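Asks: Single-letter residue listing:
2 protein chains.
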Amino acid sequence: MKVAILGHGNIGRAAEAAVKAAPDMELAGIYHHDDCLSCIAGNIDVMLVCTPTREVQKFATVLAARGICTVDSFDIHGQIWSLRTALDAVCQANQSVSIISAGWDPGSDSMVRALLMAMAPNGLTYTNFGPGRSMGHTVAAKAIPGVKNALSMTIPLGTGIHRRMVYIELEEGADFKTVEAAILADDYFAHDETHVIAVESVEALNNVAHGVNLVRNGVSGETHNQRFEFNMTINNPALTGQVMVSCARAAMRMKERGEFGAKTMIELRPIDLLPGTKEILIKALV
Amino acid sequence: MKVAILGHGNIGRAAEAAVKAAPDMELAGIYHHDDCLSCIAGNIDVMLVCTPTREVQKFATVLAARGICTVDSFDIHGQIWSLRTALDAVCQANQSVSIISAGWDPGSDSMVRALLMAMAPNGLTYTNFGPGRSMGHTVAAKAIPGVKNALSMTIPLGTGIHRRMVYIELEEGADFKTVEAAILADDYFAHDETHVIAVESVEALNNVAHGVNLVRNGVSGETHNQRFEFNMTINNPALTGQVMVSCARAAMRMKERGEFGAKTMIELRPIDLLPGTKEILIKALV
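First to last, the sequence lines map onto chains A and B. Each step along the first sequence adds one to the number in this note's numbering, with nothing skipped, and position 97 is 97. Each step along the second sequence adds one to the number in this note's numbering, with nothing skipped, and position 221 is 221.
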């Protein structure tokens with residue numbers, strides 16, 4: 001399988017390492033946002049779209065229209081269905097497969113949530129994120145006047161409630177109390193317990209560690225108190241890149257079977273994510 | 001969907017409750033091992049085969065040959081591939097779908113193991129069972145001369161190592177030390193730390209609680225120390241019955257799409273396990 005990468009930031013570099021480690025893949029090129037897409041070689045099976053999330057649809061649409069399978073980690077939960085709908089039409093018309101929102105949340109966490117719902121259809125699932133950096137909240141904090149650099153950490157408090165720890169470097173002459181008030185009033189932070197802390201260097205806090213604690217207490221049949229928990233502590237871009245690469249394998253297999261279209265991870269068969277024959281995988285994993 | 005049940009023990013009764021709780025299913029009959037299979041009504045979409053595991057192949061083969069989809073929770077790990085191979089041919093020839101080994105291990109745990117391997121391809125996974133009753137070990141202990149009744153509990157010690165706690169009621173006149181030595185020498189127990197305890201009443205210990213602690217520490221791309229953990233504490237037959245019922249839904253959908261054959265759970269799409277439209281499920285879970 002010839003797998004290429006579009007975008008070479010944190011996730012693109014992690015995806016590169018995962019492609020190189022895969023026994024059944026060959027790295028077919030690394031492209032940048034501003035390369036002309038028509039220059040992309042024609043012999044690519046799957047393109048990993050590692051651009052900023054808001055640029056995913058534009059690139060994936062062009063590639064899918066050329067019959068090239070794509071995988072992205074589009075992570076705006078409220079817009080996933082509309083991305084899927086738009087890309088699905090392009091894929092169906094051009095016999096390609098696009099796997100969307102293939103990271104860890106959305107992504108592998110979504111598969112766990114679906115499985116737990118199948119195991120206990122009634123009940124509550126809570127997804128508790130972190131401790132780890134929130135990209136969205138970090139960007140929101142950086143946009144506040146007087147903030148030179150910022151890092152917003154997500155701290156899980158249980159039952160899906162999160163604390164925001166916002167570390168900021170102030171611009172010269174900025175007033176901490178004024179900046180703090182502006183952050184606390186921002187819609188990104190106004191609804192959560194938020195603490196703002198001034199630091200000398202945000203760069204010194206840089207760490208791509210993240211995690212999740214996903215819990216469900218539900219009912220199987222008529223039996224209550226069925227308890228499930230999924231935990232992980234991970235390097236965030238490394239996991240995202242690896243999930244994308246495993247999904248590239250699934251995209252290729254689906255294309256070979258003529259199963260064209262855009263899919264989320266809960267629409268994939270776990271076995272398609274893995275290298276090796278069905279016999280070897282079933283004997284090892286089932 | 002018309003779903004029927006063959007076998008009405010612990011798992012059959014739990015499956016009955018799960019069918020009745022499913023919004024998209026109708027209970028189409030409960031059959032017993034010794035009913036003549038040719039008397040089974042022709043309008044069944046899926047039969048849940050809740051017989052003892054060694055009788056699964058016989059019944060599933062007859063049903064699949066009549067074009068009726070089946071789901072079983074066949075749990076002899078070393079024989080799953082051969083069951084799949086045999087049933088697959090019958091299903092392909094008769095346009096039916098059989099989902100095999102659809103419990104929690106093998107079953108939902110298998111899906112988690114596959115997903116974790118896709119997230120961190122190199123590394124070790126340990127599946128730690130219990131505390132809970134082991135059916136196989138309980139049967140082995142009951143077969144020892146001098147044992148009137150027995151219960152073998154599986155206690156997880158980590159890294160896939162388990163302790164066996166064997167509670168026995170002695171036959172009148174039986175010598176505890178002799179019975180204990182026979183249990184410890186039995187191949188089921190000789191390889192694990194095993195404790196034999198005489199009790200007045202094994203029935204008084206009856207409890208269908210079980211659990212699992214499934215851990216993986218692996219490598220995503222070139223990044224080590226990616227840590228994952230899946231825990232559950234559950235009513236064992238209730239979960240097994242529920243998983244079978246969710247898989248009945250997947251079998252029906254696969255049959256409607258013309259995807260005939262015998263499949264294990266790692267070959268299923270999680271979304272197919274759940275009632276509702278793709279749009280509702282993707283918006284809720286991804």
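Source of the hints: derived by calculation from the structure; they are not laboratory data. Computed from a predicted structure; not experimentally measured. Hints are not guaranteed to be accurate.
Because identical chains cannot be distinguished in the list, a pair is counted as satisfied if it fits within a single copy or across any two copies.
To be verified - Using 25 Å as the maximum straight-line C-alpha spacing, the simulated PhoX-like pairs for lysine-lysine come out as follows:
id, residue 1, residue 2
1, K278, K58
2, K255, K148
3, K278, K142
4, K2, K20
5, K278, K20
6, K283, K58
Asks: If a hint holds in the structure, say so; if it doesn't, say that too.
Replies: Verification of the supplied hints:
Taking the shortest Cα distances, K278 and K58 sit within 25 Å of each other only across copies (24 Å), while inside one copy they are farther apart (35 Å). Proximity of K255 to K148 under the C-alpha cut-off of 25 Å is found in neither arrangement, the shortest distances being 47 Å within a copy and 59 Å between copies. In this homomeric assembly, K278 and K142 never come within 25 Å of each other (Cα to Cα): the closest approach is 49 Å inside a single copy and 37 Å across copies. In this assembly of identical chains, K2 and K20 lie within 25 Å of each other by CA distance solely inside one copy; the values are 11 Å within and 48 Å between copies.
Taking identical chains as interchangeable, the C-alpha atoms of K278 and K20 lie at most 25 Å apart only when both belong to the same chain, with a minimum of 23 Å there against 34 Å between chains. Taking identical chains as interchangeable, the C-alpha atoms of K283 and K58 lie at most 25 Å apart only when they sit on different chains, with a minimum of 22 Å there against 41 Å within one chain.
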